[in-house]
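Position chain B relative to chain A; hints supplied.
Residue numbers (the working numbering), protein chains in the order written: chain A, 1 to 475; chain B, 1 to 97.
The hints are simulated quantities; they were obtained by calculation from the structure and are not laboratory data. Ideal placement from N, C-alpha and C gives every residue a C-beta, glycine not left out. It is possible that some hints are incorrect.
To be verified - The following residues of chain A were derived to be distant from chain B, with all beta-carbon distances above 10 Å:
1. Ser13
2. Thr20
3. Ser43
4. Arg48
5. Pro272
6. Arg280
7. Ile292
8. Ala335
9. Lys354
10. Gly472
What the hints assert, rightly or not - Just a few of them, taken from the derived set where beta-carbon distance is under 8 Å, the chain B residues facing chain A:
11. Leu10
12. Glu34
13. Val68
14. Leu89
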Amino acid sequence: MSQWRTIQEEATSVATGATTAVANVQKALALIDANKDFQAIISTLSDRALQRAKELDEQIKNGKAAGRLAGVPFIAKDNFLTFGGETTAASNILKSFEAPYQSTAIEKLEAEGAICVAKANLDAFAHGGSTENSDFFVTKNPLDLTRVAGGSSGGSAAAVALELAPFALGTDTGGSIREPASFCGIVGLKPTYGLVSRSGVVAMASSTDVIGPLTRNVEDAGIVLDVMAGKDPLDSTTIEKNPDGYTLGATPKQRSPKIGVIKEYMGDGVDPEVKRCIERAIADAKNAGAEIVELSLPSLPLALAVYYIVVPAEVSSNLSRYDGQRFGYSEKDAATLDDSYELSRSHGFGAEAKRRIMIGTYVLSSGYYDAYYKKAQTVRTKLCQEFAQAFSGVDYLLGPVTPEVAFKIGANSEDPLKMYLIDIMTVAANLVGIPAISIPYGSAQDMPVGLQLLAPQHKDRELLELARWFEGIKS
Amino acid sequence: MSKLSKDDILKLARLARLRLSDDEVEKYQKELSEILDYVAHLDTVDTAGLEPTYQITGLTNMTRKDEVMDYGVTQDALLKNVPNLDGKLIKVRRMLS
Numbered sequence: 001m002s003q004w005r006t007i008q009e010e011a012t013s014v015a016t017g018a019t020t021a022v023a024n025v026q027k028a029l030a031l032i033d034a035n036k037d038f039q040a041i042i043s044t045l046s047d048r049a050l051q052r053a054k055e056l057d058e059q060i061k062n063g064k065a066a067g068r069l070a071g072v073p074f075i076a077k078d079n080f081l082t083f084g085g086e087t088t089a090a091s092n093i094l095k096s097f098e099a100p101y102q103s104t105a106i107e108k109l110e111a112e113g114a115i116c117v118a119k120a121n122l123d124a125f126a127h128g129g130s131t132e133n134s135d136f137f138v139t140k141n142p143l144d145l146t147r148v149a150g151g152s153s154g155g156s157a158a159a160v161a162l163e164l165a166p167f168a169l170g171t172d173t174g175g176s177i178r179e180p181a182s183f184c185g186i187v188g189l190k191p192t193y194g195l196v197s198r199s200g201v202v203a204m205a206s207s208t209d210v211i212g213p214l215t216r217n218v219e220d221a222g223i224v225l226d227v228m229a230g231k232d233p234l235d236s237t238t239i240e241k242n243p244d245g246y247t248l249g250a251t252p253k254q255r256s257p258k259i260g261v262i263k264e265y266m267g268d269g270v271d272p273e274v275k276r277c278i279e280r281a282i283a284d285a286k287n288a289g290a291e292i293v294e295l296s297l298p299s300l301p302l303a304l305a306v307y308y309i310v311v312p313a314e315v316s317s318n319l320s321r322y323d324g325q326r327f328g329y330s331e332k333d334a335a336t337l338d339d340s341y342e343l344s345r346s347h348g349f350g351a352e353a354k355r356r357i358m359i360g361t362y363v364l365s366s367g368y369y370d371a372y373y374k375k376a377q378t379v380r381t382k383l384c385q386e387f388a389q390a391f392s393g394v395d396y397l398l399g400p401v402t403p404e405v406a407f408k409i410g411a412n413s414e415d416p417l418k419m420y421l422i423d424i425m426t427v428a429a430n431l432v433g434i435p436a437i438s439i440p441y442g443s444a445q446d447m448p449v450g451l452q453l454l455a456p457q458h459k460d461r462e463l464l465e466l467a468r469w470f471e472g473i474k475s
Numbered sequence: 001m002s003k004l005s006k007d008d009i010l011k012l013a014r015l016a017r018l019r020l021s022d023d024e025v026e027k028y029q030k031e032l033s034e035i036l037d038y039v040a041h042l043d044t045v046d047t048a049g050l051e052p053t054y055q056i057t058g059l060t061n062m063t064r065k066d067e068v069m070d071y072g073v074t075q076d077a078l079l080k081n082v083p084n085l086d087g088k089l090i091k092v093r094r095m096l097s
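With the rest of the complex left out, here is chain A (with noise of 0.2 Å):
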């Protein structure tokens, strides 16, 4: 039985008098309460979420506008910095670190009367694929407490498929929206670069970190999107929004899409049983009216390698900013400046940060820098070009997720290597910025199996459209 309808029922419920924004936010704050089993939460803005919403209930006594989504709560990534309790980005080294200012994402949830209700569980710094690098604790996937709920937006995607709140937050660098929406059963879409601001999300990759919304169907993706997306001048990378929005309203438009399927992404490497979820979509979408063409990114299988080296590069940088001087853990038992430096950060990262500076730092260091940091910016464009050039002949791209479901806890952690594999499939589309989506379609193992759709930079509302499309025709 659902705990919660679409955000938009959950809207109106509020504003009618139906419920309260005071009953929501208990309402989610229990249901985190008793799910604690499965580790999604790291901490609750409880006083702060109560007084909001009783503000919120008063505004619309009063017969006052509240916003479009008065009284819907919300839970959001840990690296999300909120008012009314911590931002760890599930780190030691920011353990207890209390923000001075709100991320641009959360200030326009909000503005429209949504409440952040919790903080949810993460790979340190957003680094993984599994919440396995978490410095607190691992996130179990809902359906099975064996097997990982994904990464890093792990906690979001588990707080969502548990249906402690309507909708979380997330980030997406590499996959961490869509690989744990997929592995959870749930809608995880990652918008195109730009188009949601970065303002106070604590940073891991600057030329590829997005946010998105992590939800239980397409139109409420659309709704979170709509309220975050557009222009920000405290991030001077995004971008001017759809002026037709994001909410697809009632109507579904006409379709009979161009989809090119993958060829690299349907590979050996795939499980037999996910790839036969995905034929199953494609099927279901020839049915449907949609033409389906096989197409080749040769470049493809060089993302990985591009994203290991500029995402590290990146990491090494925005982590810099960790020193123990000015926030975070600071070492007491320090004599020297540098000590402070090197025992503070030393004793505050975990070991997958320490890995990602570390090759950052090597990729960017003198005699190294063209040979592969530059050399993997330069393999860059030809995937954008190769992008650009399969949208010149269809009007969307799909494939799997993951090439697998969801693994047992564990099964990866022994190897980075390995872990990194499981991005596969996921980090082309953060580094030529088009917008991609998971949403659940079958399931292998009885674990449930992500389709990813993928559409052209700008072509956000195009691409919800097309997976709401798909979740109609769903056989």
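Quick look at chain B alone, frame taken from chain A:
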């Protein structure tokens, strides 16, 4: 095989202001060598005539008016997380031993 030496790891750690234990040096030596081996195959890719893509928005020189904008962030809020605060001054250790 781009096997990183113990010295390579220690040099990287120093650049990144990390202090590693002997066990960690050995572990990262192995892991980083494997990862760098994997990414090194990019050097066989033909990228003649292509420019690097550092960001994919196509935006350049985004400017704003040189005006102070008040976002409601207070000094107190900013200083709240400082580990060693002396009034409004951030205390740091001495630089030279």
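Structure-based check of each hint:
1. Non-interface call for A:Ser13 relative to chain B: holds, since the shortest CB-CB distance, roughly 31 Å, exceeds 10 Å.
2. No Cβ of chain B approaches the Cβ of A:Thr20 within 10 Å, the least distance being about 28 Å, so the stated non-interface status holds.
3. Even its closest Cβ contact with chain B, about 16 Å, leaves A:Ser43 beyond 10 Å, as expected for a residue assigned away from the interface.
4. No beta-carbon of chain B is positioned within 10 Å of the beta-carbon of A:Arg48; the least distance is around 14 Å.
5. Every beta carbon of chain B lies more than 10 Å from that of A:Pro272, the smallest distance being close to 25 Å; the non-interface claim holds.
6. No beta-carbon of chain B comes within 10 Å of the beta-carbon of A:Arg280; the shortest separation is about 33 Å.
7. With a closest Cβ-Cβ approach of about 27 Å to chain B, A:Ile292 is found to remain outside the 10 Å limit, as its non-interface label requires.
8. A Cβ of chain B approaches the Cβ of A:Ala335 within 10 Å, the least distance being about 7 Å, so the stated non-interface status is violated.
9. With a least beta-carbon separation of about 6 Å from chain B, A:Lys354 fails to lie farther than 10 Å from that chain, contradicting its non-interface assignment.
10. Consistency note on A:Gly472: stated as away from chain B, and its beta-carbon is indeed over 10 Å from all of that chain's, at 32 Å minimum.
11. This hint is violated: B:Leu10 has a C-beta 11 Å from the nearest C-beta of chain A, more than the 8 Å allowed.
12. Using the Cβ-Cβ criterion of 8 Å, the hint placing B:Glu34 at the interface with chain A is satisfied: the shortest such distance is roughly 5 Å.
13. Taken as an interface hint, B:Val68 does not check out: its beta carbon lies about 12 Å from the nearest beta carbon of chain A, beyond 8 Å.
14. Hint on B:Leu89 is violated. Least Cβ distance to chain A is approximately 12 Å, over the 8 Å limit.
In the structure shown, a violation is registered for the earlier hints numbered 8, 9, 11, 13, 14, in ascending order.
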